[in-house]
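Generate the whole structure from the sequences, applying the supplied hints.
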Amino acid sequence: MSETLDLKAIEKRAFRATHQDGLWDIYIGGVVLSMTLLAYSTDSEAFPFMRFGIYLLGLGASWLIFWAGKKFITAPRLGQVKFGPQRKRRKRTLATVLVGIVLLQAIIVAWTILLWANPAWATRLGIAGSDPDIERLLVATVGALFVGPSMVILAYFNDFSRGYYIAFLLSLAVFSLIWFSQPAYLIIAGLIIMIPGVVLFVRFLRQHPLPTAEARHA
Amino acid sequence: MLESSANRELANFAEIDRLVHEPARLMLMALLYVIDSADFTFLMNQTGMTWGNLSAHMSKLEEAGYLEVEKSFKGKRPNTMLRLTPQGRTAFQTYRQTMKQVLDGLPE
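From first to last, the protein sequence lines are chains Y and C. Positions 7 to 224 (my numbering) are the ones given, in order, by the first sequence. Positions 3 to 110 (my numbering) are the ones given, in order, by the second sequence.
A couple of the hints might just be wrong.
Claimed, not checked - Quick look at which bits of chain C chain Y covers, simulated, 3 or more residues with Cβ under 8 Å:
1) 30 to 41
2) 44 to 52
To be verified - Only part of the chain Y face toward chain C is listed, based on derived beta-carbon distances under 10 Å:
3) 12
4) 82
5) 83
Claimed, not checked - No more than 27 Å apart at the CA atoms, straight line, and that leaves these computed lysine-lysine pairs for DSSO-like:
6) Y/18 to C/102
7) Y/94 to C/76
8) Y/76 to C/76
9) C/78 to Y/88
10) Y/97 to C/76
11) Y/14 to C/62
12) Y/94 to Y/18
Read the hints as simulated data drawn from the structure, not as lab findings. What you are looking at is a predicted structure, and each value in this text was computed from that prediction instead of being measured. Glycine included, every Cβ here is placed at the ideal spot set by N, Cα and C.
Set out below in structure tokens:
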């Protein structure tokens, strides 16, 4: 008998139902598209702060759409649910792992900045990049590794299967952005992430009409 | 000897909790067993039941003490969450064990 498996499947299906509105995809797509503004760098730029401000505005707008969508559109249609202690444990583990990853990334960034500021140290350590192409390849790989694995871990712990292809797209976009110095890759990745989210959102609205007043206030 | 063993196995059928055994309620209890709590809308979405149907089954489970209803307010809106009681959880576990015992012994 496979009762245990069936119960797990029921729980997983219930949990996954909370991701079927496509709002995560729209949010991540929005974040990636906002990042494009930062990726554009021209030396003669007169208003770097304005560009950064627009980037922050994009991030804020993405978050606002996500939050308002969940609160005013998804929740009344899908209903409220609280998951058991196992999910809470997974959430805590995810938070711990992500904090660890962010710390590791911060150390790598700080170390890189230190080495760039002090080329003599890099020479002494024997890791000075004589070939700029190899150096850029290294930076592109590290950049891709910054975003990809974090997203994979997020997808795994949240049973968010679309997160795996989002992770792949993010890694590819960041790698291409650094390697080819072309922000268009971020725009393409952002759109490829966002468009299925919009499709899912429309489908969600069609499949989940607002429940009757008696069901809402039952 | 064989007869008494068969009788013992048949007696297992009598132990099945009819309240849990009904398919719609079984579906509800299985869902509530794996989550902590949910409201009517979520349960309707997950099970595909109508409001009236769900309400009727919920009342039966509540009467049996298998389900507790937690009423609160989210802002100005009433919010009703449904959760299995410890008694309900035990009833569901017992039902699973009984069914396993009954069905495992059946030939292919």
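To see whether the hints hold, each was checked on the structure:
no.	hint	verdict
1	30 to 41	holds (count 9)
2	44 to 52	holds (count 5)
3	12	holds (8 Å)
4	82	holds (7 Å)
5	83	holds (7 Å)
6	Y/18 to C/102	holds (23 Å)
7	Y/94 to C/76	holds (22 Å)
8	Y/76 to C/76	holds (15 Å)
9	C/78 to Y/88	holds (20 Å)
10	Y/97 to C/76	holds (24 Å)
11	Y/14 to C/62	holds (26 Å)
12	Y/94 to Y/18	holds (14 Å)
Consistency note: the structure conflicts with none of the earlier hints.
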